[in-house]
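A.B. asks: Chain residues, written in single-letter form:
Number of protein chains: 2
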Amino acid sequence: MISGDERLPLYQRLRDELSTRIAEQHWRAGEAIPSEAELAKHYEVSIGTVRKAIDSLVKEGMIERLHGKGTYVRRARFNASLFRFFRMQNLAGERRIPEGRVLRMELTEAPSIVISNLKLAPGTQAINISRLRLFDGNPMLAESIWLPHDRFAPLLALKPSEFPDLLYPMYEQRFGQVIASAKESLTAEAVGPLHARLLQIEAGSPVMVIERLALGFDQHPIEWRLSRGPASEFRYHVEIR
Amino acid sequence: MISGDERLPLYQRLRDELSTRIAEQHWRAGEAIPSEAELAKHYEVSIGTVRKAIDSLVKEGMIERLHGKGTYVRRARFNASLFRFFRMQNLAGERRIPEGRVLRMELTEAPSIVISNLKLAPGTQAINISRLRLFDGNPMLAESIWLPHDRFAPLLALKPSEFPDLLYPMYEQRFGQVIASAKESLTAEAVGPLHARLLQIEAGSPVMVIERLALGFDQHPIEWRLSRGPASEFRYHVEIR
DNA sequence: GAGTGGTCTAGACCACGGT
DNA sequence: CCGTGGTCTAGACCACTCA
Chain X
1 MISGDERLPL YQRLRDELST RIAEQHWRAG EAIPSEAELA KHYEVSIGTV RKAIDSLVKE
61 GMIERLHGKG TYVRRARFNA SLFRFFRMQN LAGERRIPEG RVLRMELTEA PSIVISNLKL
121 APGTQAINIS RLRLFDGNPM LAESIWLPHD RFAPLLALKP SEFPDLLYPM YEQRFGQVIA
181 SAKESLTAEA VGPLHARLLQ IEAGSPVMVI ERLALGFDQH PIEWRLSRGP ASEFRYHVEI
241 R
Chain Z
1 MISGDERLPL YQRLRDELST RIAEQHWRAG EAIPSEAELA KHYEVSIGTV RKAIDSLVKE
61 GMIERLHGKG TYVRRARFNA SLFRFFRMQN LAGERRIPEG RVLRMELTEA PSIVISNLKL
121 APGTQAINIS RLRLFDGNPM LAESIWLPHD RFAPLLALKP SEFPDLLYPM YEQRFGQVIA
181 SAKESLTAEA VGPLHARLLQ IEAGSPVMVI ERLALGFDQH PIEWRLSRGP ASEFRYHVEI
241 R
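Which chain is which? The protein sequence lines are X and Z, in order. Quick note on this note's numbering: the first sequence kicks off at 1 and runs consecutively. Quick note on this note's numbering: the second sequence kicks off at 1 and runs consecutively.
Honestly, the hints are just simulated from the structure, not real lab data. Keep in mind that the hints are not guaranteed to be accurate.
In the DSS-like style, the derived pairs of lysine-lysine whose C-alpha atoms are separated by at most 27 Å in a straight line are [said to hold, decoys possible]: (1) Z:Lys-41 x Z:Lys-52; (2) Z:Lys-41 x X:Lys-59; (3) Z:Lys-52 x Z:Lys-69; (4) Z:Lys-183 x X:Lys-52; (5) X:Lys-41 x Z:Lys-52; (6) X:Lys-41 x X:Lys-59; (7) Z:Lys-183 x X:Lys-183; (8) X:Lys-52 x X:Lys-69; (9) Z:Lys-69 x X:Lys-159; (10) X:Lys-59 x Z:Lys-52; (11) X:Lys-59 x X:Lys-69; (12) X:Lys-183 x Z:Lys-41; (13) X:Lys-69 x Z:Lys-52; (14) Z:Lys-52 x X:Lys-52; (15) Z:Lys-159 x Z:Lys-59; (16) Z:Lys-59 x X:Lys-183.
Working from the sequences, and respecting the hints, build out all of it.
C.D. replies: Below you can see the structure in the form of structure tokens.
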């Protein structure tokens with residue numbers, strides 16, 4: 001027996017049910033969910049219906065099938081996504097993780113664009129982190145990261161040197177905040193004096209501007225960041241169908 | 001009876017079979033393919049297998065299901081894709097088609113980047129079109145379009161004023177070249193003197209550079225174009241999962 | 001009402017991963 | 001060997017479109 005709107009198809013209600021369970025961390029990231037046969041028996045539906053529900057969750061990237069082993073809740077895997085931006089300069093096409101250097105962190109009143117993106121109440125304070133990403137000591141990206149205070153308060157106790165290069169795994173381990181998807185938007189602009197200095201490029205030269213809103217499984221906003229990098233180092237690829 | 005590698009699953013061989021038929025224009029764009037029941041009978045497979053094959057073609061965007069009507073071969077619908085780049089400045093979020101003004105067309109030796117993208121033999125000549133796209137008379141995009149001579153030779157007889165605003169429908173109607181997908185890549189740069197003049201912007205201001213390789217159903221390259229537009233007018237959106 | 005795609009079932013058999 | 005997901009079948013019934 002599955003709850004939910006009776007008018008919806010069974011496999012969709014089952015999809016919602018499983019999706020909710022995963023979002024609630026009933027099954028954790030990296031763990032296997034019950035087998036298809038078990039789910040079919042428990043929810044009293046045919047195995048074909050279970051497969052259809054699971055199919056859609058796989059397509060959404062929430063879970064992962066491993067033939068002969070089971071169906072697993074996916075771990076956050078955003079590490080690679082950032083690399084879509086970087087021009088692969090290394091001959092081997094290496095995917096090195098850029099060094100992350102935190103310049104400043106403060107609790108401050110959130111500007112309106114952060115308020116609306118993180119869905120905060122007007123006048124709320126939020127955590128703002130300024131960070132530089134570097135390859136071989138060369139600045140590649142200047143990031144301004146905004147986090148809601150209520151979910152990330154303990155973060156303020158950290159020293160800049162204690163931040164890891166990749167933040168999302170830390171969000172998951174220390175705060176239980178799993179990034180499931182993100183929306184990005186890209187523009188370019190002539191660099192201003194502040195970022196020209198940070199990125200060590202000539203004032204007025206073109207920079208790519210990347211806005212990213214990172215969301216949890218239940219679509220609630222977790223982090224908003226604005227990044228700038230020298231345009232010459234960026235190339236973004238898309239396939240249109 | 002379905003041909004193809006016996007080791008591949010049935011539904012995948014059926015997918016390939018249907019895909020080939022569509023690419024060969026056995027069923028034309030806009031027409032319906034046979035019903036699921038008919039296909040199941042003809043190929044002597046169960047209807048579930050037919051549905052799985054059709055599912056994957058739908059996901060690829062080659063065909064489209066219309067409940068109660070049939071399954072149709074998709075028409076090229078690239079008109080909308082270009083708009084992903086434009087900042088919607090109109091309050092209503094209108095999707096107007098920008099005017100296309102052909103500045104120059106010539107048959108000339110293809111540069112190496114065109115050779116490799118269009119898979120031409122070295123030293124081959126190709127058709128090059130310079131075109132400006134405008135909104136309300138304001139230049140938005142300067143395009144340099146490259147086409148293989150063998151497929152598009154009759155195009156050279158056209159006068160600049162005879163070109164339509166949208167080229168892909170013309171490719172389809174006059175040359176039987178259907179654009180099925182495209183690969184794009186985005187960068188930004190400081191504008192050079194030539195494009196500054198064309199786009200009527202200040203020399204050195206940032207422009208978005210969009211490279212697009214347009215492909216047919218069988219993945220052969222049909223058109224390569226390089227477009228530049230003022231960065232302030234562009235915003236590109238992506239969802240990462 | 002005839003014909004289409006959409007949902008759902010119950011079960012057989014295969015391919016793969018571990019023990 | 002067992003348990004997992006992957007393929008495939010044959011058929012019932014529903015929802016939608018159009019004449």
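A.B. asks: Hints first: check each against the structure and report whether it holds.
C.D. replies: Cross-check of the supplied hints:
no. : hint                  : result
1   : Z:Lys-41 x Z:Lys-52   : 15 Å, holds
2   : Z:Lys-41 x X:Lys-59   : 30 Å, violated
3   : Z:Lys-52 x Z:Lys-69   : 19 Å, holds
4   : Z:Lys-183 x X:Lys-52  : 30 Å, violated
5   : X:Lys-41 x Z:Lys-52   : 24 Å, holds
6   : X:Lys-41 x X:Lys-59   : 23 Å, holds
7   : Z:Lys-183 x X:Lys-183 : 20 Å, holds
8   : X:Lys-52 x X:Lys-69   : 19 Å, holds
9   : Z:Lys-69 x X:Lys-159  : 63 Å, violated
10  : X:Lys-59 x Z:Lys-52   : 15 Å, holds
11  : X:Lys-59 x X:Lys-69   : 19 Å, holds
12  : X:Lys-183 x Z:Lys-41  : 45 Å, violated
13  : X:Lys-69 x Z:Lys-52   : 23 Å, holds
14  : Z:Lys-52 x X:Lys-52   : 11 Å, holds
15  : Z:Lys-159 x Z:Lys-59  : 39 Å, violated
16  : Z:Lys-59 x X:Lys-183  : 21 Å, holds
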